[in-house]
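J.: Work the whole structure out from these sequences, hints included.
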Amino acid sequence: MATFSIRSVKTSPFDGQKPGTSGLRKKVKVFMQANYLHNFVQSTFNALGADKVKGATIVVSGDGRYYSKDAIQIIIKMAAGNGVRRVWIGQNGLLSTPAVSAVIRERVGPDGSKANGAFILTASHNPGGPTEDFGIKYNMENGGPAPEGITDKIYSNTTTINEYMIAEGLPEVDISQVGLTNFRGPEGQFDVDVFDSADDYVKLMKSIFDFQSIKKLLTSPKFTFCYDALNGVAGAYAKRIFVEELGAKESSLLNCVPKEDFGGGHPDPNLTYAKELVARMGLGKATSEQEPPEFGAAADGDADRNMVLGKRFFVTPSDSVAIIAANAVQAIPYFSGGLKGVARSMPTSAALDVVAKSLNLKFFEVPTGWKFFGNLMDAGMCSVCGEESFGTGSDHIREKDGIWAVLAWLAILSYKNKDNLGGEKLVSVEDIVRQHWSTYGRHYYTRYDYENVDAGAAKELMDNLVKMQSSLAEVNDIIKKIRSDVSKVVNADEFEYKDPVDGSVSKHQGIRYMFEDGSRLVFRLSGTGSEGATIRVYIEQYEKDSSKTGRDSQEALAPLVDVAIKLSKMQEFTGRSAPTVIT
Numbered sequence: 139m140a141t142f143s144i145r146s147v148k149t150s151p152f153d154g155q156k157p158g159t160s161g162l163r164k165k166v167k168v169f170m171q172a173n174y175l176h177n178f179v180q181s182t183f184n185a186l187g188a189d190k191v192k193g194a195t196i197v198v199s200g201d202g203r204y205y206s207k208d209a210i211q212i213i214i215k216m217a218a219g220n221g222v223r224r225v226w227i228g229q230n231g232l233l234s235t236p237a238v239s240a241v242i243r244e245r246v247g248p249d250g251s252k253a254n255g256a257f258i259l260t261a262s263h264n265p266g267g268p269t270e271d272f273g274i275k276y277n278m279e280n281g282g283p284a285p286e287g288i289t290d291k292i293y294s295n296t297t298t299i300n301e302y303m304i305a306e307g308l309p310e311v312d313i314s315q316v317g318l319t320n321f322r323g324p325e326g327q328f329d330v331d332v333f334d335s336a337d338d339y340v341k342l343m344k345s346i347f348d349f350q351s352i353k354k355l356l357t358s359p360k361f362t363f364c365y366d367a368l369n370g371v372a373g374a375y376a377k378r379i380f381v382e383e384l385g386a387k388e389s390s391l392l393n394c395v396p397k398e399d400f401g402g403g404h405p406d407p408n409l410t411y412a413k414e415l416v417a418r419m420g421l422g423k424a425t426s427e428q429e430p431p432e433f434g435a436a437a438d439g440d441a442d443r444n445m446v447l448g449k450r451f452f453v454t455p456s457d458s459v460a461i462i463a464a465n466a467v468q469a470i471p472y473f474s475g476g477l478k479g480v481a482r483s484m485p486t487s488a489a490l491d492v493v494a495k496s497l498n499l500k501f502f503e504v505p506t507g508w509k510f511f512g513n514l515m516d517a518g519m520c521s522v523c524g525e526e527s528f529g530t531g532s533d534h535i536r537e538k539d540g541i542w543a544v545l546a547w548l549a550i551l552s553y554k555n556k557d558n559l560g561g562e563k564l565v566s567v568e569d570i571v572r573q574h575w576s577t578y579g580r581h582y583y584t585r586y587d588y589e590n591v592d593a594g595a596a597k598e599l600m601d602n603l604v605k606m607q608s609s610l611a612e613v614n615d616i617i618k619k620i621r622s623d624v625s626k627v628v629n630a631d632e633f634e635y636k637d638p639v640d641g642s643v644s645k646h647q648g649i650r651y652m653f654e655d656g657s658r659l660v661f662r663l664s665g666t667g668s669e670g671a672t673i674r675v676y677i678e679q680y681e682k683d684s685s686k687t688g689r690d691s692q693e694a695l696a697p698l699v700d701v702a703i704k705l706s707k708m709q710e711f712t713g714r715s716a717p718t719v720i721t
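Counting along the sequence shown from 1, when you hit position 300 you're at 438 in our numbering, and nothing is skipped either side.
Worth flagging that the hints you see were computed from the coordinates, not collected in a lab. Note that the coordinates shown come from a computational prediction; the quantities given were computed from them, not determined experimentally. Note that beta-carbon positions come from the ideal geometry of N, C-alpha and C, so glycine has one too. Just so you know, not all the hints are guaranteed correct.
Derived pair list, reagent style PhoX-like, types lysine-lysine, alpha-carbon separation capped at 20 angstroms [unchecked claim]:
{"hint": "1", "residue 1": "K618", "residue 2": "K605"}
{"hint": "2", "residue 1": "K354", "residue 2": "K165"}
{"hint": "3", "residue 1": "K413", "residue 2": "K397"}
{"hint": "4", "residue 1": "K556", "residue 2": "K354"}
{"hint": "5", "residue 1": "K563", "residue 2": "K354"}
{"hint": "6", "residue 1": "K605", "residue 2": "K707"}
{"hint": "7", "residue 1": "K353", "residue 2": "K167"}
{"hint": "8", "residue 1": "K605", "residue 2": "K449"}
{"hint": "9", "residue 1": "K597", "residue 2": "K423"}
{"hint": "10", "residue 1": "K449", "residue 2": "K619"}
{"hint": "11", "residue 1": "K449", "residue 2": "K423"}
{"hint": "12", "residue 1": "K619", "residue 2": "K707"}
{"hint": "13", "residue 1": "K556", "residue 2": "K353"}
{"hint": "14", "residue 1": "K626", "residue 2": "K563"}
{"hint": "15", "residue 1": "K341", "residue 2": "K353"}
{"hint": "16", "residue 1": "K495", "residue 2": "K682"}
{"hint": "17", "residue 1": "K344", "residue 2": "K354"}
{"hint": "18", "residue 1": "K387", "residue 2": "K353"}
{"hint": "19", "residue 1": "K377", "residue 2": "K344"}
Restraint-style ranges between C-beta atoms, simulated for each label pair [said to hold, decoys possible]:
{"hint": "20", "residue 1": "N602", "residue 2": "S715", "range": "15 to 25 angstroms"}
{"hint": "21", "residue 1": "G641", "residue 2": "D337", "range": "50 to 60 angstroms"}
{"hint": "22", "residue 1": "V316", "residue 2": "V395", "range": "13 to 23 angstroms"}
{"hint": "23", "residue 1": "D631", "residue 2": "G307", "range": "52 to 62 angstroms"}
{"hint": "24", "residue 1": "A172", "residue 2": "G307", "range": "13 to 23 angstroms"}
T.: And the structure:
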C-alpha cells in the first residue's frame, strides 16, 4: 500500500473564477495555467467546509473531453490532501452528467459507502480539444448542482485563496482498469474506486421503463432507429442500452465512440450541429436515396441534453416535455401512480402549461438552471420537467437526462403501438405530435442565438429593452410600424422567481414581452459560453385552431421574428445581421 504525505502550497487568486448555472467553463489553456484548477477545487472544498469533506466519498468523472484525465489526477491528489476518504471514478474517467447524479443517489460502494457529492468535468455542449473548452462543476449529495449559496461561496473563496492542500507521493491512478486501489496518508486510509461507467445508470433505467415492451418495438421489422452520441459520453451507454438491452442493430448507432475532441464537431444536439443524424432522418438539404428511420435522437457532450426526431420531422424540446407529461402515466411504469407536478424553465414554450391545466397538475415556471427543478423535486412537488435548450428530465435524478428522454419517447411509441406491431403502419413520432396539437393546440416556437457578442453591447441591448417596458403604449406604436399583423403587448417585465420551497428570490432572469393573443417574446443573456456573451431570443405564437396547427413554423412566426429583431435593435447594438444559430 503506497503512502503519501500532505503539504500546503502557496497560491494567489485568478480573476473570473465565478461559476455560472453549470459550473466554471473556460478555454483549456486557461485551466492549464499553473494552480488554476487547484485554486477552484480548493475553493470548493473550503466552501463545503471540513465537516463535509473529511471522511467523505466523492465522485470525480465527466464527459471525457480534452484535459479531463490530467484534471482527474489533480483532483484525486487534492481530495487526499483535504482528508477525503474515497474517490469514485467511472472507468476511463467517463460518466455522463445524469449518470453522476444517479451514482450519487443510488450507488453503494464495496464497503457500504455512499457518495457525498461530485466534481463533474464537462463543458456540456461546448466543443472540446486543446484550443476549445473545459469545465468543472460540483454536485451535492442529492445528486443536483450546487445551489447559489455554495457557488457564491466558492467564487468568494477564489478571490482570496492563498494556499491549497495536496497529497505528495501519491502515484497516478490507472483509471482505465476497474478496481479498488488503497493508499495510506497521515489521516489513515484513502481509496480510489474505478467502476463500470454504465452499470448503475442502466439498472436505474430498467427500474423506470418497461424494457421488454420497448424491445418489442425496437426489434420489430417495421421500426427503424438511429442514435447519435456526437462522439460524447453518451457513447459509453448507447451500445449497452440500445443494442445489448433493447435489441437495436449496432448499425443504428452513429458517432458512439467518446472522443476528447468530440471528433472535431460541436457536441450540441440541434438541427445545426447534428448534421449527420439530420441528413439520415430526411431533414437535410440534400434528399437521401434511403428511406429515413422511424425514430432518431442525439445527445450532447455530457449526455444530459437530447434531440428527438421522427422521419422527416423535428420535435421541439418544448413540445417534447409536454408530450412526455401528457403520456407518462400510461406509458412509463415509474409514473403509473400519477405525476406530482410538472415544471418548465421560463423561456420554454407554454405547451406544458396547457397539458398541466387540462390534467389538473401542479405547474411551476422557474428560471433557467436545473437546480430550480431539483428544489421542487426534493420537496415532492414535481415529477417531469424540461427546458427549451434540449433538456428534459424527471425526479429519478437531479439533472436533465438525455438518454432518459429518448427512452421516454420509445416507451410512448411502444405504448401507442402495443396492439399495432403486426399492423400495416406504425403510429409515428409525427402522428403523436400532430395528435397532441389537435388536443392541446400548438405553440409555434423558435430561438435565435447570437453567440460571442461583445459583452458591453449585449448589456446595452438588454438595458434598452428593460427601459422600453416603462411605456407599453410606445412599445405598441413601434410594433405597429414594424408589423401591423402582430397582436399588441399587454404585459412586459423582467422575470423574477420566488422559490416555493426555500423562499429564495432570483431576479433579472430574462426580459419578457407578453402579447394579447398568448404570444411571447423573451430575451436572455446566457452564461454557458466561455468567451463573450450570448443573446438568446425566444419567439412563441400560440394557435388553438386545429385547422391552423399544420403551418410551416418559420412562416407562422415570421411577423413576430421581425418584431423581435427590430424592437430590440439587434443589428444597431451588436452589428449582427443574422443569428449564429436558429433552433
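J.: Against each hint, give a clear statement of whether it holds in the structure.
T.: Comparing the hints with the structure gives:
no.	hint	verdict
1	K618 with K605	19 angstroms, holds
2	K354 with K165	45 angstroms, violated
3	K413 with K397	18 angstroms, holds
4	K556 with K354	9 angstroms, holds
5	K563 with K354	15 angstroms, holds
6	K605 with K707	13 angstroms, holds
7	K353 with K167	45 angstroms, violated
8	K605 with K449	45 angstroms, violated
9	K597 with K423	36 angstroms, violated
10	K449 with K619	40 angstroms, violated
11	K449 with K423	15 angstroms, holds
12	K619 with K707	14 angstroms, holds
13	K556 with K353	11 angstroms, holds
14	K626 with K563	45 angstroms, violated
15	K341 with K353	16 angstroms, holds
16	K495 with K682	15 angstroms, holds
17	K344 with K354	15 angstroms, holds
18	K387 with K353	12 angstroms, holds
19	K377 with K344	15 angstroms, holds
20	N602 with S715: 15 to 25 angstroms	18 angstroms, holds
21	G641 with D337: 50 to 60 angstroms	39 angstroms, violated
22	V316 with V395: 13 to 23 angstroms	19 angstroms, holds
23	D631 with G307: 52 to 62 angstroms	58 angstroms, holds
24	A172 with G307: 13 to 23 angstroms	20 angstroms, holds
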